[in-house]
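Let the sequences and hints guide you as you build the complete structure.
Letter by letter, the chains look like this.
There are 2 protein chains.
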Amino acid sequence: MVQEVREAQQVDAGNFESIRELAQQLRVDSIRSSTAAGSGHPTSSMSAADLMAVLLARHLRYDWDRPDLPTNDHLIFSKGHASPLVYAMFKAAGAISDEELLTFRRMGSRLQGHPTPVLPWVDVATGSLGQGLPIGVGVALAGKFLDKLPFHVWVLCGDSELAEGSIWEALDKAGHYGLSNLTAIFDVNRLGQRGETEFGWDLDVYRARAQAFGASPIVIDGHDLGEIDRALGEARVATGKPTVVIARTLKGKGFSEIEDKDGWHGKALPEDMAERAIAELGGIRDLRVVAKKPEPGEVARKPNSPVQLPRYEKGAMVATRKAYGEALVALGARSDVVAMDGEVSNSTHADEFAKKYPERFFEMFIAEQQLVATAVGMSVRGYVPFASTFAAFFSRAYDFIRMAAISQADIRLSGSHAGTEIGQDGPSQMALEDLASMRAIHGSTVLYPSDAVSGGHLTRLMADRAGIVYLRTTRGAYPVLYDNDESFTIGGSKTLRESPDDQVTIVAAGVTVHHALQAADDLAAGGVRARVIDAYSIKPIDHDTIAAAVQATGGLLVVAEDHYPEGGLAAAVLESLVPEGLPLRLAHCAVRGLPGSGKPEELMDAAGISARHIVEAARNLVSNS
Amino acid sequence: MVQEVREAQQVDAGNFESIRELAQQLRVDSIRSSTAAGSGHPTSSMSAADLMAVLLARHLRYDWDRPDLPTNDHLIFSKGHASPLVYAMFKAAGAISDEELLTFRRMGSRLQGHPTPVLPWVDVATGSLGQGLPIGVGVALAGKFLDKLPFHVWVLCGDSELAEGSIWEALDKAGHYGLSNLTAIFDVNRLGQRGETEFGWDLDVYRARAQAFGASPIVIDGHDLGEIDRALGEARVATGKPTVVIARTLKGKGFSEIEDKDGWHGKALPEDMAERAIAELGGIRDLRVVAKKPEPGEVARKPNSPVQLPRYEKGAMVATRKAYGEALVALGARSDVVAMDGEVSNSTHADEFAKKYPERFFEMFIAEQQLVATAVGMSVRGYVPFASTFAAFFSRAYDFIRMAAISQADIRLSGSHAGTEIGQDGPSQMALEDLASMRAIHGSTVLYPSDAVSGGHLTRLMADRAGIVYLRTTRGAYPVLYDNDESFTIGGSKTLRESPDDQVTIVAAGVTVHHALQAADDLAAGGVRARVIDAYSIKPIDHDTIAAAVQATGGLLVVAEDHYPEGGLAAAVLESLVPEGLPLRLAHCAVRGLPGSGKPEELMDAAGISARHIVEAARNLVSNS
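Quick mapping for you: the protein sequence lines, in order, are chains P and W. Take 1 as the starting number for the first sequence in this note's numbering and just add one per residue. Take 1 as the starting number for the second sequence in this note's numbering and just add one per residue.
Please keep in mind that the hints were generated in silico from the structure rather than gathered at the bench. One or more hints might be untrue.
To be verified - Under 7 Å between C-beta atoms, here's a sample of chain W residues computed to sit facing chain P:
1) Ser-160
2) Glu-164
3) Gly-192
4) Arg-194
5) Ile-366
6) Ser-395
7) Thr-545
8) Ala-548
9) Leu-594
Don't be surprised by glycine CBs; every beta carbon is placed ideally from N, CA and C.
Have a look at this one:
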């Protein structure tokens with residue numbers, strides 16, 4: 001490949017010819033990095049190169065030496081597969097070297113196949129389409145309502161990803177909240193992975209949709225630098241609405257052999273083609289952009305006040321979802337704590353926070369993908385977001401949660417109404433697979449309090465926990481079990497019944513703790529001594545306490561959970577204990593059938609997870625041992 | 001409560017006064033059932049009662065005695081919480097008795113809190129909002145392109161759920177495929193669960209959005225029977241577009257104490273209020289509707305031809321995703337097999353089916369929620385749908401998959417590009433939590449073939465398997481391991497290395513099978529005999545074979561999986577073995593860090609799941625035993 005490198009030259013931001021050269025460099029570098037890697041998406045990069053060249057040279061306000069500067073603009077590639085382009089921009093900005101550019105997609109390189117925040121100039125991981133724009137909405141919400149800073153959020157979207165409903169959830173919220181600090185740039189290159197997109201170059205469809213969803217659309221030729229410049233300039237002007245720049249572009253623009261041709265999605269050019277392409281694009285350049293500096297400003301944040309958790313009387317009947325809401329209000333004393341909900345805040349009890357701190361509460365309506373994306377965006381801005389909905393409905397945002405883990409975002413999710421315990425509403429509202437799905441998220445924490453005191457303490461602990469932290473709460477009110485000053489830790493548990501001659505260990509969490517206690521009492525009445533552990537921290541699980549209990553009780557173990565049998569609490573316990581070869585005999589009380597409607601106690605009993613089933617399981621274990 | 005019941009009278013479908021009486025009955029019955037239950041959503045039912053009365057009496061073509069008649073119209077309550085209304089309609093149609101109506105939400109009743117197909121007149125479970133319309137699109141696609149029958153699909157949507165992106169994915173596809181056999185009725189009652197919806201009664205917003213997404217909007221007063229009738233009549237006329245009837249309604253319509261008042265979402269009326277409401281609504285009635293009969297017709301389905309799986313040469317390098325595509329083509333000989341993909345068919349290899357059977361292939365573009373919803377809709381119509389995308393991107397539709405299980409839909413999902421094995425594209429494209437999340441789905445089947453022969457056989461077995469069946473396939477090509485005539489069963493496994501004096505069991509699946517075989521060879525060279533099991537059926541897992549192996553090898557077990565440690569293959573094995581108290585010592589090779597980009601073999605090695613890690617794990621187990 002041509003390796004002739006000219007001396008670094010500065011782009012003249014006042015001269016479109018110079019910016020055109022920059023655009024060609026971005027194309028050339030996209031080809032060079034992907035050809036070196038042997039994979040990647042050069043053609044999807046080339047279509048947007050003019051758009052990004054104008055943005056980088058004339059509109060993006062960013063201090064490339066200080067990516068953590070709170071006044072910097074944000075640039076999110078929702079079309080994450082155009083990573084060669086964003087990396088080429090980083091090189092043009094002087095943030096990475098040409099040498100590093102050519103490590104694209106190699107083992108150990110920061111320049112992964114799709115962008116991730118391993119790079120300091122990348123806010124969030126993208127590559128699952130339709131997520132960058134929703135997260136950009138979260139960032140822009142923080143900018144407008146919390147930081148109150150004039151930074152702008154620029155999101156580059158592909159046209160294929162406009163088929164994702166999440167894009168429209170995002171624009172809808174951007175319109176609703178009047179986010180004129182947000183600009184989505186639709187790179188309409190007409191060609192998807194396996195042929196033409198749904199609408200090709202019918203830009204009027206996108207214009208009508210953007211408008212109907214509350215944005216100001218600007219339709220342009222995405223290769224006309226003047227048009228791009230005018231559009232991006234207009235976009236930055238506060239109009240009370242988000243802007244959508246709809247740009248007609250050519251995939252593979254600039255290399256005649258592949259320009260606007262199908263069959264070149266996600267394909268690196270072979271060496272010989274790359275040489276011809278680079279030649280046609282005018283060769284390798286080393287142009288450098290001196291970006292506009294961010295406008296000065298200070299984050300508007302009030303000082304924190306001390307957090308005082310509410311106190312509960314032992315034995316009082318309080319739902320853990322209520323305890324969550326009350327603890328969240330208490331955490332509101334910290335000015336970095338923000339909350340958002342999916343139009344069910346009167347059920348999740350996030351409404352208590354909304355009432356006390358309306359300026360830090362964001363209603364996301366029934367749009368769970370946007371709910372989680374907003375939390376991720378807030379995390380990008382350094383806030384401590386708590387997002388809540390019914391536990392079952394976080395499944396709607398599972399891909400967003402998966403990606404948030406790759407983004408190494410710190411978000412807290414509170415899912416109420418878990419399990420068959422919810423009763424009459426029936427199975428559509430029951431989270432019965434959430435412990436499995438949330439445990440499997442990389443680096444996640446999964447908590448499930450049994451009472452209001454532990455619920456409050458765990459909610460407080462969530463605030464300082466990194467990564468994806470999931471709290472499962474219960475609909476019904478159950479007695480407070482713990483003293484207010486009891487200590488709880490992530491990775492901890494509580495042993496609620498214990499004697500030196502226990503015969504069987506019962507591990508429960510959340511609502512089944514109450515059934516386990518009842519079971520232990522019933523077993524004791526029948527002469528069987530059971531140790532009862534409240535495994536309120538499901539991930540990480542309290543290995544040491546459970547292992548010691550199981551050893552003390554001859555390996556006899558009952559696990560009771562309001563969850564399907566796969567991947568939940570029992571799996572957490574087994575994954576923890578079996579590697580060391582502890583002798584174990586498990587009786588597993590879990591929800592095996594498909595529940596219907598009924599009273600909570602009827603459904604839990606029918607599912608085989610109520611006290612009498614725990615008693616029976618424990619008795620069988622003991623008598624067969 | 002007033003229990004005075006008049007004698008059953010027939011509704012005069014030609015007389016709006018009679019239909020108005022029917023609407024009042026639907027309201028009264030919605031109140032009676034929910035008040036009897038002590039919970040439910042009467043006000044959300046009352047807003048739509050006029051819409052549904054006109055539909056039921058004058059437009060719905062349905063033989064209530066024969067719900068499985070293929071010519072019947074379909075009625076889907078996307079706003080599933082309005083279940084009192086749909087159950088009241090069933091009573092008015094004579095399908096259920098008044099006595100059964102009053103069992104609403106009781107333990108064992110078919111009339112659950114949200115509708116499920118436990119009732120023969122309910123196609124799919126709803127209650128997770130924004131799902132009924134996407135599934136309706138699937139049903140309408142089948143009606144137009146496969147059945148070629150004149151039935152119409154009617155979907156009642158709430159206004160709150162219009163915030164879900166999935167609604168717009170659905171309308172987009174309905175527009176794209178010109179589904180004039182589909183009508184969405186938006187019941188715009190202005191009030192959500194915790195206050196006003198985003199747009200209140202701004203019907204123009206909904207009109208503009210529906211139009212921009214390819215539908216014909218008709219805006220009406222949802223309590224004016226004449227307007228409703230004209231709109232539904234127009235809706236049935238084939239225009240080449242789906243219709244959206246946007247109806248302005250009052251929540252709680254008809255009972256002045258709560259009509260259009262906030263704070264009454266999801267609340268049953270107390271007995272005394274219910275009595276006043278019923279009085280204001282004109283008392284209890286027992287009106288019966290004689291519905292229009294379906295238009296006659298026959299499902300257009302060709303006879304099946306025998307399925308001949310492709311054959312592979314042992315040792316040939318073939319990717320299991322390729323084997324999936326080829327087996328799918330073979331299954332195409334069955335005329336009930338249909339396929340759909342999320343714009344990645346050239347990666348999942350569903351494109352091979354698309355080429356051979358274009359009339360039975362449906363491109364869903366990048367809209368995974370709609371992809372799964374279409375499969376569910378096809379399942380409603382008796383087809384055998386296979387939906388494919390990258391395994392990671394099924395996480396986008398996790399709530400749809402969860403709900404499909406409650407719908408007892410029979411759908412097959414093929415997820416390609418699983419695990420770190422995908423290499424350079426990086427973590428956004430790697431499914432690493434799918435085994436956990438899919439195993440936790442009620443009644444699911446989870447398959448993970450290691451080679452092309454098993455991949456083909458398992459794909460074929462999927463066609464006749466009920467419930468949610470998930471196939472995980474691998475990006476790269478690996479050697480064919482099995483003879484073409486080898487038999488594979490759901491719940492089975494293959495023991496690939498075995499001797500009477502094996503010292504350790506290695507359980508692997510998919511790509512790690514190849515590493516396990518290499519490891520066994522390396523171990524043998526070092527004098528350690530390992531049994532190797534290909535656990536291609538992860539749920540159900542082959543308990544007997546694995547238990548016997550583990551017993552034969554003194555409890556020493558290595559599980560190797562290209563998945564995060566939680567809830568995947570190891571959990572499946574442990575959940576299966578531990579209940580019987582087998583002595584076990586597990587070494588678990590799984591992906592513990594957050595992967596980046598690199599070559600597949602580099603990433604698998606870095607993750608600790610390659611042959612040398614399996615060797616090390618096995619050696620350590622054996623030497624410490």
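Any CB of chain P closer than 7 Å to the CB of Leu-594/W?
holds, 6 Å
Double-check Thr-545/W for me: the hint is only fine if its C-beta lies closer than 7 Å to a C-beta in chain P.
violated, 19 Å
With chain P as the partner, please determine if Ala-548/W meets the hint condition of a C-beta pair closer than 7 Å.
violated, 18 Å
A closest beta-carbon separation below 7 Å is what the hint needs, so does Ser-395/W meet it against chain P?
holds, 4 Å
So, as I understand it, the hint says Glu-164/W touches chain P; can you test that by seeing if any CB pair is closer than 7 Å?
Check passed: Cβ of Glu-164/W comes within 6 Å of chain P, closer than 7 Å.
Next item in the hint list is Ile-366/W. Is there a CB on chain P closer than 7 Å to its CB?
The hint holds - Ile-366/W has a Cβ within 7 Å of chain P, the shortest such distance being about 5 Å.
Classify the hint on Arg-194/W as holds or violated, based on whether any CB of chain P lies nearer than 7 Å to its CB.
Arg-194/W check passes; min Cβ-Cβ to chain P is 4 Å, inside 7 Å.
Let's test the interface hint: is any C-beta of chain P closer than 7 Å to that of Gly-192/W?
Holds, because the Cβ-Cβ distance from Gly-192/W to chain P comes to roughly 5 Å (cut-off 7 Å).
Ser-160/W as an interface hint toward chain P, with CB separation required under 7 Å
Check passed: Cβ of Ser-160/W comes within 5 Å of chain P, closer than 7 Å.
The structure fails hints 7, 8 (numbered hints given earlier, in ascending order).
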